[in-house]
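Asks: Below, each chain spelled out in residue letters.
There are 2 protein chains.
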Amino acid sequence: METFDAYIETHKDAFIKEFITFASQPSIAATGEGITEMAELTRQKMADLGASVQLLEIAPNEPPVVYASLGQGDKTLLIYNHYDVQPVDPLDLWESPPFQPTLRQGKLYGRGVSDNKGHIMYRVQAIRAWLATMGDLPFRINWFIEGEEETGSPHLEPFCLAHADLLKADGCLWETGGVDEAGRPVLSLGAKGLLYVELTVQSMSGDQHSAYGTIAPNAAWRLNWALSSLKAPDETILIDGLMEHVLPPSDTDLALLKAIPFEEEALLANLGIKQWIAGVSGFEALKRHLFQPTCTICGIESGYTGAGPKTVLPARAKAKVGFRLVPNLTPQTVAKLLRQHLDKHGFADIQIDLLSAEHPGKTAPDAAVVQAAIAAAREVYPKHEPVIYPLIAGTGPVWPVAVAHGTPLVCFGASYPGAKIHAPNENIVLDNYFQAMQMMGRFIANFGKR
Amino acid sequence: METFDAYIETHKDAFIKEFITFASQPSIAATGEGITEMAELTRQKMADLGASVQLLEIAPNEPPVVYASLGQGDKTLLIYNHYDVQPVDPLDLWESPPFQPTLRQGKLYGRGVSDNKGHIMYRVQAIRAWLATMGDLPFRINWFIEGEEETGSPHLEPFCLAHADLLKADGCLWETGGVDEAGRPVLSLGAKGLLYVELTVQSMSGDQHSAYGTIAPNAAWRLNWALSSLKAPDETILIDGLMEHVLPPSDTDLALLKAIPFEEEALLANLGIKQWIAGVSGFEALKRHLFQPTCTICGIESGYTGAGPKTVLPARAKAKVGFRLVPNLTPQTVAKLLRQHLDKHGFADIQIDLLSAEHPGKTAPDAAVVQAAIAAAREVYPKHEPVIYPLIAGTGPVWPVAVAHGTPLVCFGASYPGAKIHAPNENIVLDNYFQAMQMMGRFIANFGKR
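Protein chains in written order, with this note's numbering: chain E, 1 to 450; chain Z, 451 to 900.
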């Protein structure tokens with residue numbers, strides 16, 4: 001791989017420049033801003049690699065999937081990425097504009113530089129380096145790049161289940177990955193699912209003077225009490241019947257978990273906190289993080305939130321609540337239990353709107369695509385034994401894209417715990433970026449042999 | 451009073467035009483918008499009546515008090531009003547622009563038309579009519595018009611306590627009043643107090659990906675649980691020790707309460723609800739409304755509140771909470787009990803910022819100023835016995851302006867239950883406006899005799 005590595009070394013400045021241009025294009029799935037332009041930019045990147053590319057309309061007037069095929073061979077690798085990003089607010093907390101990627105002390109800052117445009121670009125550039133130095137690809141690559149991952153891929157599942165021919169593969173390289181606090185390469189074999197809902201309370205026909213707080217119903221209070229009925233201050237999820245569906249980790253899962261060097265102190269410091277919630281620490285915190293579902297208030301709003309005091313009794317209140325789902329919790333199950341729970345606890349008036357739903361999914365560690373990634377990691381990071389996560393705490397459409405078709409999957413990439421994905425000042429460490437590119441070369445070689 | 455009434459009748463169109471101009475000037479205490487211009491406009495109105503007027507600086511760079519003196523006599527009437535208004539949001543719910551007062555079906559719509567600019571204007575126009583038709587005023591009027599009532603008069607109390615000479619009077623006519631659902635004139639003899647605070651939770655150094663909801667502290671959840679510890683779903687205030695300070699209504703209070711024809715069905719319909727909270731109805735609802743304190747979430751905000759789903763774990767959450775205070779609850783007592791309660795229940799990390807504080811205060815019904823108003827109401831509304839509220843459920847600085855100086859007070863005016871004060875589409879019924887003007891003439895005559 002010397003010529004491959006040398007090619008990367010001599011092209012570093014050009015690669016960074018190309019990456020900055022790629023990440024400068026806004027592509028916010030939640031608002032639609034820049035999505036069309038980003039799909040075209042991504043299509044062009046794939047075409048420049050020599051791929052045959054289609055823009056797949058997965059639903060009318062929704063972000064298309066960029067679907068690229070390149071290389072030949074008996075084996076097929078499916079790659080999954082997404083070209084959309086999270087919204088940028090609160091904008092005033094960014095130290096440089098989110099869509100003007102900016103280099104500071106070896107890191108590139110900007111929305112999407114880690115999640116997920118950096119991961120598209122290191123793979124593009126690794127394949128370009130491979131084609132320039134190693135010859136043809138040893139297998140076929142079908143690259144599936146969607147544009148609404150950050151809104152929970154709302155149209156992906158029916159499309160994927162109806163188009164197994166586009167997705168069927170011997171292995172799948174998933175969207176992201178990276179190194180942990182100590183710089184160890186981290187590989188992941190699955191992802192949690194998600195149910196994301198909006199709860200709305202309308203308690204009166206309109207806002208009233210707060211003097212009526214004595215006798216008239218306050219939407220903010222009703223929402224507050226309904227939320228408190230979902231989760232206790234000790235972090236126990238109280239939705240009737242929900243926890244019964246949670247599959248405990250298997251022996252294989254626990255063995256993988258035990259091998260993970262959980263850098264607890266560094267992660268706590270990174271989040272600016274002294275201890276975890278729910279009284280857990282060490283191995284128990286890690287086990288909880290990966291194998292317990294969440295019930296998270298992602299946003300709440302009611303009444304007057306401007307400057308100074310306003311004595312109003314709010315008639316309307318809204319909360320966005322996200323549930324991360326572990327095997328065997330499905331979004332359908334949780335949605336049904338949530339409705340039943342609210343009805344039973346006196347909150348039948350609270351409206352539930354479904355904003356996102358995804359199944360959890362994971363892969364057994366002995367799959368060829370996993371072993372190829374493990375071997376690649378050992379080559380690029382010789383000082384560290386790779387860390388294998390049986391699944392990640394985040395979510396992606398692993399089920400409709402891979403797991404539902406029997407395709408094993410693995411994640412590796414260029415991120416790190418300080419990447420601030422989904423938050424202001426998202427960033428990527430350039431050293432990690434180029435190491436992921438080197439690993440991609442080894443992974444192509446290894447998966448080609450297996 | 452025939453000539454007085456005739457003067458009003460012939461000047462109705464001009465009076466409405468003058469009122470619209472007066473209410474067109476924004477004067478939002480919470481943001482400062484238009485306050486300086488409104489103080490000047492108010493000063494000019496007073497000067498045009500022949501008053502000697504001062505702009506009193508009650509605190510540096512804060513809205514001045516317009517203080518006007520007119521008339522001569524052994525007796526002094528203090529009038530209290532305010533020229534500031536509430537913010538206008540949510541702006542999209544207004545059917546006409548809040549600062550372009552608009553006539554529709556006998557009502558004038560605009561921010562402040564009821565609270566409190568309509569009440570300044572009917573009094574100005576009544577005095578003008580008196581001077582034009584009845585001669586000199588039979589007593590001295592000191593008119594105190596402040597500019598930060600809607601933010602809880604934050605600088606008024608120390609100023610008033612230090613300037614008793616400006617305030618000392620034989621009676622005080624308070625800012626507002628009106629008719630009830632059946633058109634009966636309503637007089638009020640006091641007001642509740644207020645403590646308005648902002649609660650802030652900072653759970654981590656910054657927002658995180660919601661995958662960390664398993665183990666990292668969510669500011670929105672902490673705030674939610676803290677709020678739920680303050681008031682139960684059955685509306686019981688749970689703050690340790692608070693209810694012990696509540697003075698039950700006296701026999702005189704209960705006698706006044708029992709004489710109030712509580713138009714329950716009309717009020718319920720007006721608010722768009724089927725029943726009151728806390729299981730009360732009829733007399734119990736009225737008693738609760740006037741003699742129980744409130745604990746109201748006036749606003750809450752955390753995390754992502756834009757369109758679509760965003761899977762974020764919020765590091766920061768804020769709630770605005772207002773407490774309406776009945777005798778003998780003081781803002782100081784409630785602030786202290788709230789801090790103790792949060793500390794005791796595991797929420798010592800929650801920051802409390804004081805945004806507003808006012809004492810409750812009320813007057814005995816046998817005071818001359820009250821009896822003069824009752825007699826005036828009987829003359830203008832011969833079909834109805836006036837309804838006397840021992841105190842109103844709303845708040846104003848009755849304590850520092852009147853009660854603390856031993857001045858009895860009464861409220862009457864031009865509002866009605868559909869006025870939507872503090873809310874979109876605030877309005878005033880013009881018939882009520884002119885009847886309040888007639889009543890002001892009779893009140894001047896009656897108070898002059900007593």
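Source of the hints: derived by calculation from the structure; they are not laboratory data.
For glycine and all other residues, C-beta sits at the position ideal for the given N, C-alpha and C.
Mixed in with the good hints, there may be bad ones.
Said to hold, decoys possible - Straight-line distance between alpha carbons at most 35 Å, and here's what the computed DSBU-like set of lysine-lysine pairs gives:
(1) E:K336 x Z:K737
(2) Z:K768 x E:K107
(3) Z:K768 x E:K287
(4) E:K344 x Z:K768
(5) E:K274 x Z:K870
(6) Z:K768 x E:K168
(7) E:K287 x Z:K794
(8) E:K344 x E:K318
(9) E:K318 x Z:K794
(10) Z:K737 x E:K344
(11) Z:K618 x E:K318
(12) Z:K786 x Z:K618
(13) Z:K724 x E:K344
As the list claims (entries may be wrong) - Quick list of simulated restraints, FRET-style, between CB atoms:
(14) E:S96 x Z:S655: 47 to 57 Å
(15) E:A335 x Z:K462: 52 to 62 Å
(16) Z:S655 x E:L91: 34 to 44 Å
Asks: For every hint, state whether the structure bears it out.
Replies: Status of the hints after comparison with the structure:
Our distance criterion of 35 Å between C-alpha atoms is broken by K336 (chain E) and K737 (chain Z), whose separation comes to about 42 Å. The straight-line distance between the Cα atoms of K768 (chain Z) and K107 (chain E) is roughly 33 Å, inside the 35 Å bound, and the hint therefore holds. Straight-line distance between C-alpha atoms of K768 (chain Z) and K287 (chain E) comes to about 31 Å, which keeps the hinted pair within the 35 Å bound. A C-alpha spacing of about 29 Å is found between K344 (chain E) and K768 (chain Z), which places the hinted pair at or below 35 Å, so the restraint holds.
Note on K274 (chain E) and K870 (chain Z): the hinted pairing is violated, with a Cα-Cα distance of about 47 Å set against a maximum of 35 Å. Taking the CA atoms of K768 (chain Z) and K168 (chain E), the gap is about 48 Å. The hint is violated against a cut of 35 Å. Among the hinted pairs, K287 (chain E) with K794 (chain Z) is consistent with the structure: their alpha-carbon atoms are about 31 Å apart, no more than 35 Å. The hinted pair formed by K344 (chain E) and K318 (chain E) meets the criterion: a straight-line CA distance of about 20 Å does not exceed 35 Å.
At most 35 Å may separate the alpha-carbon atoms for a hinted pair to count; K318 (chain E) and K794 (chain Z) meet this at roughly 29 Å. Proposed proximity of K737 (chain Z) and K344 (chain E) is supported: the alpha carbons are some 31 Å apart, at most 35 Å. About 48 Å separates the Cα atoms of K618 (chain Z) and K318 (chain E), which puts this hinted pair outside 35 Å; it is violated. Taken as a hint, the K786 (chain Z) and K618 (chain Z) pair is honoured in the structure, with Cα atoms around 31 Å apart against an allowance of 35 Å.
Between the alpha carbons of K724 (chain Z) and K344 (chain E) the distance comes to roughly 21 Å, so the proposed pair stays at or under 35 Å and holds. Distance hint for S96 (chain E) and S655 (chain Z): a CB-CB separation of about 19 Å, inconsistent with the stated range 47 to 57 Å. Roughly 60 Å separates the CB atoms of A335 (chain E) and K462 (chain Z), a value that falls within the hinted 52 to 62 Å. One distance hint, 34 to 44 Å for the beta-carbon pair S655 (chain Z) and L91 (chain E), is violated here, with the actual separation near 18 Å.
The structure does not agree with the numbered hints 1, 5, 6, 11, 14, 16 stated previously, though it agrees with the rest.
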